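**Student:** With chain A's structure known, arrange chain B on it following the hints.
2 protein chains.
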Amino acid sequence: MHIPESNLPRVVIIGGGFGGLQLAKKLKNKPFQVVLIDRHNYHTFQPLLYQVATAGLEPDSIAYPIRKVFEGQQNFFFRMAEVEHIHTHLQSIETSQGDLNYDYLVIATGSKTNFFGNEEIASNGMGMKSVPEALDLRSLFLQNFEQALLASEVAERESLMNFVIVGGGPTGTELAGAMAELKNHILPNDYPDLDIRRMQIHLIEAAPRLLAAMSESSGKKAYDYLTGLGVHVWLDTLVQDYDGLTIKTSSGKELQSQFLIWAAGVQAAGIPGLPESSKGRGGRILVNEFNQVEGFTNVFAVGDVALMTTKDFPNGHPMVAQPSIQQGRLLAKNLNRMIKNQNLKPFKYSDKGSLATIGRNKAVADLPGVHLGGILAWMIWMFVHLMALVGFRNKAVTFINWSWAYVQYDKGARLIIRPFKRKQKAEEMV
Amino acid sequence: MHIPESNLPRVVIIGGGFGGLQLAKKLKNKPFQVVLIDRHNYHTFQPLLYQVATAGLEPDSIAYPIRKVFEGQQNFFFRMAEVEHIHTHLQSIETSQGDLNYDYLVIATGSKTNFFGNEEIASNGMGMKSVPEALDLRSLFLQNFEQALLASEVAERESLMNFVIVGGGPTGTELAGAMAELKNHILPNDYPDLDIRRMQIHLIEAAPRLLAAMSESSGKKAYDYLTGLGVHVWLDTLVQDYDGLTIKTSSGKELQSQFLIWAAGVQAAGIPGLPESSKGRGGRILVNEFNQVEGFTNVFAVGDVALMTTKDFPNGHPMVAQPSIQQGRLLAKNLNRMIKNQNLKPFKYSDKGSLATIGRNKAVADLPGVHLGGILAWMIWMFVHLMALVGFRNKAVTFINWSWAYVQYDKGARLIIRPFKRKQKAEEMV
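Those sequence lines, one after another, are chains A and B. All residue numbers for the first sequence refer to our numbering, where the first residue is 1 and numbers rise by one. All residue numbers for the second sequence refer to our numbering, where the first residue is 1 and numbers rise by one.
If you're looking for bench data, these hints aren't it; they were derived computationally from the structure. The reader is advised that the hints may include incorrect statements.
For chains that are exact copies, the list does not tell them apart, and a pair is met inside one copy or across any two.
Quick list of in silico lysine-lysine cross-link-like pairs, DSS-like style, CA-CA up to 30 angstroms [to be verified]:
#1 LYS68 <-> LYS129
#2 LYS26 <-> LYS345
#3 LYS129 <-> LYS421
#4 LYS26 <-> LYS183
Since this is a predicted model, take the numbers as computed values, not measurements.
Isolated chain A (complex conformation) (with noise of 0.2 angstroms):
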């Protein structure tokens, strides 16, 4: 892979997530040649996705060029590639568009959807953890309407119009509220001839409560709000298979549906290369408290494929945007230090507090201090999203859809632009 020489020590960075973006943005104007590699040439930005699979924002609101955000920045190279291989021994990785050396490498790579093991709902249900998944999402709900209305059988009919979402994180949570409200205030008016009320949304989760990651009332409320929508949701129970049609739970409760979203897990996004004794639980790579890896000084990991554990995170930090944007800026500020010869500063964590949102009105916040709900904490995760999105014109866009949302009771996005075939996964067609 060509990059143009230089004598200053190369930084090839893997992934344009939240924190290998934070970490390339500080490095304007530093004395490093930076090399950021990615499959995809845009940014995504995940806490959205759910929006783009339930028809309210467009794909492109979410995902920002990432060319377009390094624009004139210096020593600054961005190559679209898939890197296959980390060769530690010979400073190099290896992609599928060639070679590349390294002074420093950091991996970025983020998180992928874990099935823990299961074939069959790996092959039948869907992940949500990139842009082609959340938009063949978007196509087979909306496909199984059209189909709805085609079938002659009505237990086909009611299959169709199951939808079941494994998991009952933020990423659950959040897609059972959007889908709730297609439920309740669109898809009657789209589909006059079908008996909406016989749609069914289920929310699962296999522990006694939701939102697990925030506090208890927010995961009370939470599931208040949901169920005040009309969701179903199950407590303490397993998905245990699914083949495509029926859905098999731990509580000897069997649910038809041709509709499976999978979000109750996600592992480390790894590279093979890496030792194994540096990988810890969920595949993420163990780093000390400089994001730097398990035997290696100019190896670092940041974000969800990092585990770094200390007093107060003992199983890693979440794997959510906070964390990686605050290691990626420290990194930056580390390399510096280190190639001025001085001491590392060690990462710590700073808890903003976490936002899920459940509806109109609807959200739960746990700020520092404060646990917040309804429509205040509903407005605290409308500006937080929009502020956070990358570029004025994604802002502007996704500020008349939400508007528009709100006044019209309506979502623009209902558009099966390329329908989802079956056995045709996201991933593959990437």
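**Tutor:** Frame of chain A, contents of chain B only:
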């Protein structure tokens, strides 16, 4: 295909383009049961497809959910299906989702790319008649630059940065202009380590002038604008073959390019089942001045797919939006007259003029009695297209995108959401 029973006569409309949509809308509250069938669940605003292909607009801005258009319209039914055959003797159509009887049938299937039988060009070149095709073009355009960065040979790099558009009608002209704007304002910032001056845009036209359907002066102005923006315009030149790498032209000159858009011709997108005698030039269906298909009183064709020859239009009406809209509108009236046993009204095309935009502040307009160019024509073009988009949300989002692009010399949607794989055409993926 199940449609609720009704004692109203059933009008089946095939195709949710300009003609079909207009007809169905105008049949609101009239004594018919209306069934609209389309393979997509959205209406495509084709005049702006080229902006999707050149990263100026999101696909969702120019597509509009058909169900949304007809919300609350009694006796209207939409079904997403592919129509496979027409059986006029049975008064029924055969679809991918079962058969359906009709009392009145309206064929409004529009047009598709015409490669004039050249299989090589059809399989290696790309058309631009649908949203998935426009997205494929956008992906391939951007992929070529990412590839060019990684190419080690100069010849390979230049072939990736050579963009060839065949056909100097409105589509080819507008595409060439939009690409030139990308070259002049955006790509140098996105690809600082590529010499974007080496990028070439070729527009090849078989006739001795551009925009043959518009006035001489508009064609001349478009030529001047394009060459001023750096586009290589080849007039009197036929493209004879393309193997995916080399373009052979009638002038003997060959071009090396890995990107060829074929906008040199369209043909009717017909459906099997009508007698051969009802087909005219370009496969269009011969209709009388009431849009009745030759030999039938209850089968109609409107828009691009219909060939109505009149004194003013001996070769049929232009295959653009306006005749389709006007024919759809008149047919609604005539169906009403028909069931009242009144005489039908003949179609008379009201030419509202033609517009084509080339770049910022640069457009041409042939309006009744006057030919305009420059910024005035450009403003008219923007206003007309903005107003023609279906729905307030699409208008607002498009307005933001255009304003942003104008002020910032930027286009937001430079995303390769689904990489285009050669030999895997949009049509196959749909």
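**Student:** Each hint needs a verdict: does it hold in this structure or not?
**Tutor:** Each hint, compared with the structure:
1. LYS68 <-> LYS129: both (22 angstroms within a copy, 29 angstroms between copies)
2. LYS26 <-> LYS345: within (16 angstroms within a copy, 70 angstroms between copies)
3. LYS129 <-> LYS421: Close inside one copy (18 angstroms) and across copies (22 angstroms); limit 30 angstroms.
4. LYS26 <-> LYS183: Result: close only across copies, 29 angstroms inter versus 44 angstroms intra.
Violation of the numbered hints given earlier is absent; every hint is satisfied by the structure.
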